[in-house]
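Chemist: The primary structure of each chain is shown beneath.
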Amino acid sequence: MIPYALGFAIGCFALGLALNLWQVTRAREVPDRVLALDTMVINVIALLVLYGIAAGTGIYFEVAVLFALTGFLSTVAYAKYLLRGDVIE
Amino acid sequence: MIAEIVITALLVIAGIFGLVGSWGLVKLPELMTRLHAPTKATTVGVGAVLIASMAENWRTGGGFSFHELLITLFLFLTAPITAHFIAKAHLHRKVAPAELPATASGVAWAGQDGARPASAPEAASAADRP
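As you go down the protein sequences, you meet chains V and Z in turn. Going by my numbering, the first sequence opens with residue 1, and the numbers climb by one from there. Going by my numbering, the second sequence opens with residue 1001, and the numbers climb by one from there.
These are calculated hints, taken from the structure and not from any lab test. We put the beta carbon where it would ideally sit given N, CA and C, even for glycine. Hints should not be assumed to be uniformly reliable.
[As the list claims (entries may be wrong)] Covered stretches of chain V (in silico footprint by chain Z; criterion: 3 or more residues with CB under 8 Å from a CB of chain Z, positions within the stretch not fixed):
id	segment
1	15-22
2	32-46
[As the list claims (entries may be wrong)] Listed below are several chain V residues computed to face chain Z (Cβ distance under 7 Å; list not exhaustive):
id	residue
3	P3
4	F8
5	A54
6	V63
7	L66
8	L73
9	A77
10	V87
11	I88
[What the hints assert, rightly or not] In silico DMTMM-like cross-links for lysine to aspartate or glutamate, where the CA-CA straight-line distance does not exceed 25 Å:
id	chain 1	residue 1	chain 2	residue 2
12	Z	K1094	V	E62
13	Z	K1027	V	D32
14	Z	K1088	Z	E1030
15	Z	K1027	V	E62
16	V	K80	V	E29
17	Z	K1027	V	D86
18	Z	K1088	V	D86
19	Z	K1040	Z	E1030
20	Z	K1088	Z	E1099
21	Z	K1027	V	E29
22	V	K80	Z	E1030
23	V	K80	V	D32
24	Z	K1088	V	E62
25	Z	K1040	V	D86
26	Z	K1094	V	D32
27	Z	K1027	V	E89
28	Z	K1094	V	E89
29	V	K80	Z	E1004
30	Z	K1040	V	E89
31	Z	K1094	Z	E1030
32	Z	K1088	V	E89
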């Protein structure tokens, strides 16, 4: 039962990732693109953890933690740059 | 058996929530409404995936791991912060101070630093930018 649910969840998140990519190319404003990229990071974290469940190893959690950290930092840096014209003042 | 059903249900819920979040990002009309989809639905989806992963690890005899809880906590803390920052950038770039309703406290809206006059936003923004 679990492998089918895993396949379903992986398919859902992969479709979400494709929709996000489309939104990145379609968006007209820069904050829109930043939001779409942030959502892409969240979807990739979910896919990594799902792959970790499927493969039965714990190594992908470290990757997911690093991905969450870099995704958050890059989004904040982008927003800060848009807001102030500079990242570190 | 019960653990299997719980894990399956969590995975299906996670997939549906993740897809709804990404679909909402494409479908909703403007940035301020679009912020809702990824910050709420997708975060719940990822949280369900991580709890399913914890339960699966426990079911297969790997013990109880707290790594996933760490990611869940981090995501639930950072999603509102990123949404707030993006909304601030949007207000700063696209919305004139005169269009916004007055705040109750006398302090300006986030992203509209201080009491910037509505008539001369260009001069004020050029002055406070390095």
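Chemist: Hints first: check each against the structure and report whether it holds.
Modeler: Hint-by-hint comparison with the structure:
1. 15-22: holds (count 6)
2. 32-46: holds (count 10)
3. P3: 10 Å, violated
4. F8: This hint holds: F8 (chain V) lies near chain Z, its Cβ roughly 5 Å from the closest one there, short of 7 Å.
5. A54: Violated - the Cβ of A54 (chain V) stays beyond 7 Å from chain Z, reaching only about 10 Å at its closest.
6. V63: 11 Å, violated
7. L66: 10 Å, violated
8. L73: With a closest approach of 9 Å, the L73 (chain V) hint is violated.
9. A77: Check failed: Cβ of A77 (chain V) comes no nearer than 10 Å to chain Z, outside 7 Å.
10. V87: 11 Å, violated
11. I88: 11 Å, violated
12. Z:K1094 x V:E62: 38 Å, violated
13. Z:K1027 x V:D32: 13 Å, holds
14. Z:K1088 x Z:E1030: It holds: about 15 Å lies between the C-alpha atoms, which stays within 25 Å.
15. Z:K1027 x V:E62: 33 Å, violated
16. V:K80 x V:E29: Status holds; Cα separation ~16 Å.
17. Z:K1027 x V:D86: Cα-Cα ~32 Å, so violated.
18. Z:K1088 x V:D86: 15 Å, holds
19. Z:K1040 x Z:E1030: 16 Å, holds
20. Z:K1088 x Z:E1099: 15 Å, holds
21. Z:K1027 x V:E29: Measuring from Cα to Cα gives roughly 16 Å; hence the hint holds.
22. V:K80 x Z:E1030: 21 Å, holds
23. V:K80 x V:D32: Distance ~14 Å between K80 (chain V) and D32 (chain V) Cα, so the pair holds.
24. Z:K1088 x V:E62: 31 Å, violated
25. Z:K1040 x V:D86: 29 Å, violated
26. Z:K1094 x V:D32: Holds, at about 12 Å.
27. Z:K1027 x V:E89: Judged against 25 Å, a Cα distance of about 36 Å means the pair is violated.
28. Z:K1094 x V:E89: Answer holds: K1094 (chain Z) to E89 (chain V) is near 23 Å, not above 25 Å.
29. V:K80 x Z:E1004: Violated - the C-alpha atoms of E1004 (chain Z) and K80 (chain V) are around 44 Å apart, more than 25 Å.
30. Z:K1040 x V:E89: 31 Å, violated
31. Z:K1094 x Z:E1030: Measuring from Cα to Cα gives roughly 12 Å; hence the hint holds.
32. Z:K1088 x V:E89: Measuring from Cα to Cα gives roughly 18 Å; hence the hint holds.
In terms of the numbered hints stated before, the structure departs from hints 3, 5, 6, 7, 8, 9, 10, 11, 12, 15, 17, 24, 25, 27, 29 and 30, listed from lowest to highest.
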